[in-house]
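A.B. asks: Here is how the chains run, residue by residue.
There are 2 protein chains.
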Amino acid sequence: MNVSHISQLAQSFDLESWSTKALAEIETKLDQWIPSNAPANLSEPMKYAVLGGGKRLRSLLVIGAFESGTAGLDPSEMVWRREAALRAACAIELIHAYSLVHDDMPCMDNDVLRRGKPTVHVQFGEAMALLTGDTLQALAFEILTPEPTLIPAQLQAKLCGLIARAAGHNGMAGGQAIDLTSVGLQLNETQLSQMHKLKTGALLEVSVIAGALCAGVSMQALNKLQIFGSALGLAFQVIDDILDVTADSAILGKTAGKDASTDKPTYVSLMGLDAAKHKADVLLVQANQALLDSDLQNSDALVAIALKVVNRSY
Amino acid sequence: MNVSHISQLAQSFDLESWSTKALAEIETKLDQWIPSNAPANLSEPMKYAVLGGGKRLRSLLVIGAFESGTAGLDPSEMVWRREAALRAACAIELIHAYSLVHDDMPCMDNDVLRRGKPTVHVQFGEAMALLTGDTLQALAFEILTPEPTLIPAQLQAKLCGLIARAAGHNGMAGGQAIDLTSVGLQLNETQLSQMHKLKTGALLEVSVIAGALCAGVSMQALNKLQIFGSALGLAFQVIDDILDVTADSAILGKTAGKDASTDKPTYVSLMGLDAAKHKADVLLVQANQALLDSDLQNSDALVAIALKVVNRSY
Numbered sequence: 001m002n003v004s005h006i007s008q009l010a011q012s013f014d015l016e017s018w019s020t021k022a023l024a025e026i027e028t029k030l031d032q033w034i035p036s037n038a039p040a041n042l043s044e045p046m047k048y049a050v051l052g053g054g055k056r057l058r059s060l061l062v063i064g065a066f067e068s069g070t071a072g073l074d075p076s077e078m079v080w081r082r083e084a085a086l087r088a089a090c091a092i093e094l095i096h097a098y099s100l101v102h103d104d105m106p107c108m109d110n111d112v113l114r115r116g117k118p119t120v121h122v123q124f125g126e127a128m129a130l131l132t133g134d135t136l137q138a139l140a141f142e143i144l145t146p147e148p149t150l151i152p153a154q155l156q157a158k159l160c161g162l163i164a165r166a167a168g169h170n171g172m173a174g175g176q177a178i179d180l181t182s183v184g185l186q187l188n189e190t191q192l193s194q195m196h197k198l199k200t201g202a203l204l205e206v207s208v209i210a211g212a213l214c215a216g217v218s219m220q221a222l223n224k225l226q227i228f229g230s231a232l233g234l235a236f237q238v239i240d241d242i243l244d245v246t247a248d249s250a251i252l253g254k255t256a257g258k259d260a261s262t263d264k265p266t267y268v269s270l271m272g273l274d275a276a277k278h279k280a281d282v283l284l285v286q287a288n289q290a291l292l293d294s295d296l297q298n299s300d301a302l303v304a305i306a307l308k309v310v311n312r313s314y
Numbered sequence: 001m002n003v004s005h006i007s008q009l010a011q012s013f014d015l016e017s018w019s020t021k022a023l024a025e026i027e028t029k030l031d032q033w034i035p036s037n038a039p040a041n042l043s044e045p046m047k048y049a050v051l052g053g054g055k056r057l058r059s060l061l062v063i064g065a066f067e068s069g070t071a072g073l074d075p076s077e078m079v080w081r082r083e084a085a086l087r088a089a090c091a092i093e094l095i096h097a098y099s100l101v102h103d104d105m106p107c108m109d110n111d112v113l114r115r116g117k118p119t120v121h122v123q124f125g126e127a128m129a130l131l132t133g134d135t136l137q138a139l140a141f142e143i144l145t146p147e148p149t150l151i152p153a154q155l156q157a158k159l160c161g162l163i164a165r166a167a168g169h170n171g172m173a174g175g176q177a178i179d180l181t182s183v184g185l186q187l188n189e190t191q192l193s194q195m196h197k198l199k200t201g202a203l204l205e206v207s208v209i210a211g212a213l214c215a216g217v218s219m220q221a222l223n224k225l226q227i228f229g230s231a232l233g234l235a236f237q238v239i240d241d242i243l244d245v246t247a248d249s250a251i252l253g254k255t256a257g258k259d260a261s262t263d264k265p266t267y268v269s270l271m272g273l274d275a276a277k278h279k280a281d282v283l284l285v286q287a288n289q290a291l292l293d294s295d296l297q298n299s300d301a302l303v304a305i306a307l308k309v310v311n312r313s314y
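Protein chains in written order, with the numbering used here: chain Y, 1 to 314; chain G, 1 to 314.
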């Protein structure tokens with residue numbers, strides 16, 4: 001199994017159509033769940049931060065992992081399970097969106113451009129950016145906890161716990177804390193991987209796990225999906241580092257060359273461009289192998305997403 | 001029923017001893033649940049923001065409401081119910097602590113003193129203050145979602161949902177958004193109450209409700225406790241406004257005269273000092289009446305806390 005095998009496999013799956021369909025549903029739900037009954041000065045930046053942009057990699061992973069495990073489900077069970085997966089997908093997008101709003105602020109990365117638009121603090125002021133991020137985090141947990149008649153409480157509690165942990169000190173925020181102290185330092189590969197495993201990987205990994213849990217997959221499949229999510233998360237960051245050097249701002253939708261200019265450690269600075277590209281390929285093969293080793297019936301979407309991550313975008 | 005009747009009632013209850021005992025347990029749990037395995041540069045400001053200060057009004061309300069409804073509970077049931085109440089109390093303290101860290105930041109209130117100590121951004125820098133607040137919010141939901149063998153998933157999901165809603169756009173953060181836009185405006189009493197009901201009231205109210213839910217009280221009692229919590233929340237803010245005018249910074253542990261100097265609307269600026277004091281008394285009587293009307297067996301702690309809130313401190 002190598003990258004060209006995976007490319008061949010993925011060619012038989014129409015990722016474009018599948019994504020379009022999944023995203024239509026996600027965007028509708030996000031639009032519906034971002035409150036219009038919030039104070040107006042809060043609704044507007046919340047919508048600005050979340051809607052109308054972003055490739056929704058995390059959502060697609062949730063839905064892809066969900067669909068990988070739904071073969072044979074009873075139609076009535078499918079209804080609440082799909083509702084749960086959509087809520088998990090949107091909750092994770094909200095967590096991701098809040099982290100971008102806060103990371104862009106002047107005291108963090110001081111970035112003025114995101115998804116080709118002015119960042120939230122540029123558009124609405126710093127105080128509202130701070131508050132918008134805080135509110136989006138809370139909203140994630142609101143979405144995960146509807147009436148228990150809609151989704152069983154056990155699944156609600158499990159999703160809340162997993163997503164809180166992926167967002168918190170032992171996940172995204174913890175990685176960000178390490179990142180803040182590592183500017184200008186020479187990290188080795190283990191340290192760099194550890195930082196990214198938390199900062200970016202935790203949320204990507206939980207996307208896969210959450211989707212699979214909503215489908216009710218076996219423990220064996222969950223374990224394999226964890227390996228898939230972990231490898232994919234790291235591959236995503238390696239590619240991100242590569243793009244920071246090779247792409248321009250117009251393509252990225254954010255300021256390119258930022259990491260190098262701020263003296264942040266990256267896979268490219270650590271191992272060089274070619275070795276970084278090779279590492280991404282190895283991770284893709286690992287991710288795909290985990291799916292092949294699982295008892296999942298239908299992991300085509302996940303394979304295609306992983307390939308697309310490594311071939312450039314998201 | 002008037003304030004002096006309530007004072008007489010409360011005299012028979014030793015709030016000091018009760019609080020000392022409850023707080024010892026809360027502080028121990030907070031210390032235990034704030035992770036020491038987080039990156040060091042994150043653990044330190046998290047502990048700084050949460051531990052060793054604060055009067056823990058919200059925690060005491062959780063425990064007080066919990067104990068008001070535990071008469072007749074089976075001892076084995078009592079174990080997990082008390083564990084749930086302690087988790088709810090600590091989760092709410094973490095949400096409160098995160099809001100203080102973020103509110104103190106330069107782009108919000110730009111305050112340098114909190115509980116008599118330098119604020120988190122003064123001590124650790126703005127980036128870490130932002131991140132610390134974000135992490136504390138996530139940690140609240142981590143604490144609420146232990147293994148379901150410890151606390152039934154149904155209660156976990158319910159607590160997550162209630163606390164997320166109290167923290168979010170229709171609670172604390174929503175009130176803060178209204179507050180940000182109301183500086184320099186002439187709000188009427190309805191508008192001012194609405195702002196505070198969200199900004200401060202929602203978290204105080206959910207403290208009472210969460211504690212009661214952990215005890216498994218009747219729906220009748222829950223409704224009455226909601227009235228109690230709502231009145232107490234408003235009384236708290238009225239008193240806060242009064243203290244902003246009458247107390248000095250040393251007593252408050254934060255900068256006094258801040259609201260007046262920043263031209264924020266307050267109950268004192270709206271109705272004058274005497275009418276504000278009268279309003280606080282009326283709210284105390286309402287709060288107490290709700291407890292008397294309930295079928296709760298033991299609301300002594302709640303009465304005493306409410307009286308203490310109105311008589312000055314917390």
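Note that these hints are calculated values from the structure, not bench results. Don't take every hint at face value.
Pairs involving identical chains hold if they fit within one copy or between any two copies, as the list cannot separate such chains.
What the hints assert, rightly or not - With a cut-off of at most 35 Å between alpha-carbon atoms, the simulated DSBU-like pairs for lysine-lysine come out as follows:
id, residue 1, residue 2
1, Lys21, Lys264
2, Lys197, Lys264
3, Lys264, Lys47
None of these values were measured; they are calculated from a predicted model.
A.B. asks: May I ask which of the numbered hints given earlier this structure violates, with the numbers listed in increasing order?
C.D. replies: 1
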